[in-house]
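Protein chains: 2
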Amino acid sequence: MAEDMVRLDYGYCTSEGLGGDGAGVTPELLQARQQRIDQVHQRIAQQRKQGELGFFELPYQDDDKLQPIREQAERLGSFCDTLVVLGIGGSALGATAVDMALAGFWRHAFERKVGAMRLLVADNPEPRSFGQLLENLDLKRTAFNVISKSGTTAETMSQFMVVKELLSLALGPDEALKRLVFTTDPSSGNLRLLAGREPIPCLDVPPNVGGRFSVLSAVGLLPLACAGHDLDALLAGARDMAERCSLPGILENPAYLFATLAVHFMNRGRNILVMMPYCSDLFGLAQWFAQLWAESLGKAHTLDGELVNLGQTPVAAVGTTDQHSQVQLYMEGPLDKLVCFVTLDDYGNDLEIPRLYQDIDSLSYLGGHTMAELTQAEARATAAALASQGRPSLALRMPRLDEYHLGQVLMLLEAATVAAGGLLKINPLDQPGVELGKVLTYGLMGRKGFEEQARRMEALDLSGKYQL
Amino acid sequence: MAEDMVRLDYGYCTSEGLGGDGAGVTPELLQARQQRIDQVHQRIAQQRKQGELGFFELPYQDDDKLQPIREQAERLGSFCDTLVVLGIGGSALGATAVDMALAGFWRHAFERKVGAMRLLVADNPEPRSFGQLLENLDLKRTAFNVISKSGTTAETMSQFMVVKELLSLALGPDEALKRLVFTTDPSSGNLRLLAGREPIPCLDVPPNVGGRFSVLSAVGLLPLACAGHDLDALLAGARDMAERCSLPGILENPAYLFATLAVHFMNRGRNILVMMPYCSDLFGLAQWFAQLWAESLGKAHTLDGELVNLGQTPVAAVGTTDQHSQVQLYMEGPLDKLVCFVTLDDYGNDLEIPRLYQDIDSLSYLGGHTMAELTQAEARATAAALASQGRPSLALRMPRLDEYHLGQVLMLLEAATVAAGGLLKINPLDQPGVELGKVLTYGLMGRKGFEEQARRMEALDLSGKYQL
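Going down the list, the protein sequences come from chains A and B. Read in my numbering, the first sequence has 349 at position 345, and its numbers run on one by one without any break. Read in my numbering, the second sequence has 146 at position 142, and its numbers run on one by one without any break.
For the record, the hints were derived by calculation from the structure and aren't laboratory data. Small disclaimer: the values here were computed from a predicted structure and weren't measured. Careful: at least some of the hints might be erroneous.
When chains are identical, the list treats them as one kind, so a pair holds in a single copy or across two.
[As the list claims (entries may be wrong)] 16 Å max Cα-Cα, derived EDC-like pairs, lysine to aspartate or glutamate: (1) K69 / E56; (2) K469 / E20; (3) K117 / E139; (4) K469 / D365; (5) K442 / E377; (6) K429 / D349; (7) K452 / D363; (8) K69 / E439; (9) K452 / D66; (10) K429 / D42.
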């Protein structure tokens, strides 16, 4: 089993890899950090016992949780070929990440494999993209999964209302209801209420699982089941990683090591974490991680009576593509970054570069290699070049890209995020900072009870006053 | 005409918008900055006269430059329905940005409009995504545009060699050649050489136009013509904006104002610039800008004998989506960001939210509004909420999303980037920092003459030594 695990390669975070002034870690420093990790470990164990870290237990969910998900996927697949997810943030990014990884970057451009539904995640209510989507769907063959824990998310609920009306007008109210599935809180909220009024199937988001940690709940699993992915393998990978991420030692638990390295460099001015998989199919994973890391660790926090603003800004990038877009900055710009590469040992179907143009030196060396060899060489060279300038990086090394190894990566990054929250002494599970924008929007939209926010918005508004 | 221009709204960069400690600009400060801008203006005028800023003149290119582009687009369109671009970085991002903006975020999921080719930009040679693309293409109906100024780009040239062999085997060598168009240097480089050996049409990248500034040259224009977009309107927009960006005054030239504000906040610890359009169709524009800003301004630079590392890391985000992913961090995280929103006055086809659930307070306020109203309210509320915490933002306000206004935005951001380079006293046109990674890759791939780099790579390599 061990050789089938995702590895955390951190050579270019060490003083050996980075040279004298690169602020790299030493074995002694990591050993010294174990004490902080011991505290974090205790706290996490306690939180898990109290049921506060629901995501950690999702890989162990038993069949009576999964059965309703599979049943809905089968039912929808029996008369629909497309599933549209109406959800935003944590209700969208997990399914996109896994589906893009497995069905491929170009999944929308070509036919799906037989028996799988096409998965379209509509996470933006603005009418251009959402309108284009609705105009082009064959509504008779399309189902909609509405995902919102509270059922108050303005974007998602607006989209739902538009879709409900559209379906009813096109197919009649009964056929409309058949094409809807809600994923929401098991007992409260608007969607649960509406599902009591009309017969709409409802799947549960466990109350102790926050949006950005919900990919392995029904939030991610229903869309992924519809898209034909192997839930058992995904959960098995997450389970094997959850076991490792329950170990106490900094050098046996990759989540603790990841968190320790990230916080080490964060405390040394690296306020940016670049997540850069060397595979376009994994761009969605980088975007999923960007929410996880940003929302969990970006926190205002009172420490010894003083307000501090913590956080490390995630940047989603892709190799080799962004070598020709971002790496100039990563090499020569400010020393403000830690880069996390994701590489594949085995790319699956490889492509051989034919031996053409053997008389041209600047081309002939390519022939005979494969595209995977080129990609892997570029990943190694980029990391080495960065390290030679004292710029740290680490790498998640995936044996292959499949459900099992994706499950591992998801769990590793979730556990690492919570551990980093522990090291920073902040709560990685809340998001109080989005409240103000939300209520100002209510004010602008004329929601009852938000008249004061409407006035506050008016006072803050400068639209057009300074404009060129 | 003026009311049809993209506006730069900078209220939340001012001391009025940000409050006391937000480091906002005052009218007096902007006036004082005019002196620095005068120097930059002189330098840019001089560079333009010497033909060093080719991108600035692209909107004025005459018909004998455009005719070969239109001819190739027409020829390819007569027997192909798909154009695949083989190119990376500046050879890919411009066409993607404009095509995504105009053909829509969901363009790959549905049929194109009649008469337009489907545009697939293959900017990553890794064999999973590239392999998926090749497997699914109907080669008989597919053309390939190979874009590389030097013809040595390892990624693009490898892809080209794979495609050439594939086409020849599938259709025979003559039919293969018919499906190829090169875009490259007018007189030198491998692609120009190969076009001399076999009859492959070749379009020019002007020597004084760098990759990331090349969207309005044949690099961007051939793919965009194939995809059915209106080149004349795109260039007209760029031309109208180029005129404004040639004015000397900081409060009459939006490029100078953008650059001044970005550098102002950069010098005050904002090492991150978030580009956040409130429209999924504009995500490609944000990624295009990310290369432009990163590669142009991310520079090691010797100032008074001391090495400084300059640059502002661009982050591509999308509203409203990333309000549920990144805004928590933007609101409460470190004071390290300047956000640039892009908004639309008119979203085109709008969607009305039906008046459902009038008995539920947390839903009833939505009905009767449109999706554009919701999106615009969220954009205003988010900017106001950020400003209330002393967090600066600006906004590009586009009257509509079409070729003409996109052309304006492209030119404004290119001119602003060069102006920012001038304010920072660095060369925004080069990218010396990517060289090391490139030659280390050559070493790993066994290219003749790079044996020393192979040894250096071996010395730097730590693969697997520190691994968990």
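Status of the hints after comparison with the structure:
| no. | hint | verdict |
| --- | --- | --- |
| 1 | K69 / E56 | neither (19 Å within a copy, 64 Å between copies) |
| 2 | K469 / E20 | between (55 Å within a copy, 11 Å between copies) |
| 3 | K117 / E139 | between (24 Å within a copy, 13 Å between copies) |
| 4 | K469 / D365 | neither (60 Å within a copy, 34 Å between copies) |
| 5 | K442 / E377 | between (48 Å within a copy, 15 Å between copies) |
| 6 | K429 / D349 | neither (36 Å within a copy, 43 Å between copies) |
| 7 | K452 / D363 | between (75 Å within a copy, 12 Å between copies) |
| 8 | K69 / E439 | neither (32 Å within a copy, 53 Å between copies) |
| 9 | K452 / D66 | neither (43 Å within a copy, 58 Å between copies) |
| 10 | K429 / D42 | within (14 Å within a copy, 49 Å between copies) |
Checked against the numbered hints given earlier, the structure breaks hints 1, 4, 6, 8 and 9 and satisfies all the rest.
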